[in-house]
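Asks: Sequence:
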Amino acid sequence: MQSRQLHLGAFMRPASIHPGAWRYPGAYPDANFNFQHMKYFAHK
14 MQSRQLHLGA FMRPASIHPG AWRYPGAYPD ANFNFQHMKY FAHK
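Per our numbering, the sequence shown runs over residues 14 to 57.
Hints were generated in silico from the structure; no laboratory data involved.
Be aware that a few hints might be false.
Said to hold, decoys possible - Computed beta-carbon distance windows for the label pairs:
#1 Lys-52 to Met-14: 32 to 38 Å
#2 Arg-17 to His-50: 29 to 35 Å
#3 Leu-19 to Asp-43: 41 to 47 Å
#4 Pro-38 to Gln-15: 31 to 37 Å
#5 His-20 to Gln-49: 23 to 29 Å
#6 Ser-16 to Asn-45: 29 to 35 Å
#7 Gln-49 to Gln-18: 50 to 56 Å
#8 Leu-19 to Lys-52: 17 to 23 Å
Just so you know, these numbers come straight off a predicted model, no measurement behind them.
From the three backbone atoms N, C-alpha and C, an ideal C-beta is built for every residue, glycine too.
The task is simple: from the sequences and hints, build the whole structure.
Replies: Take a look at the structure:
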């Protein structure tokens, strides 16, 4: 039997899609590079 593999990748941007998004009240400026933050939203 042939084993199958799935390769996952991520495209990360430093400040979301809009360059000024980090200034929004309540935003997480390091959200794209903060693993705990990504983990929180993955479980949510």
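Asks: Tell me the numbers of any earlier hints that the structure contravenes, in ascending order.
Replies: The structure breaks hints 3, 4, 7; every other hint is satisfied.
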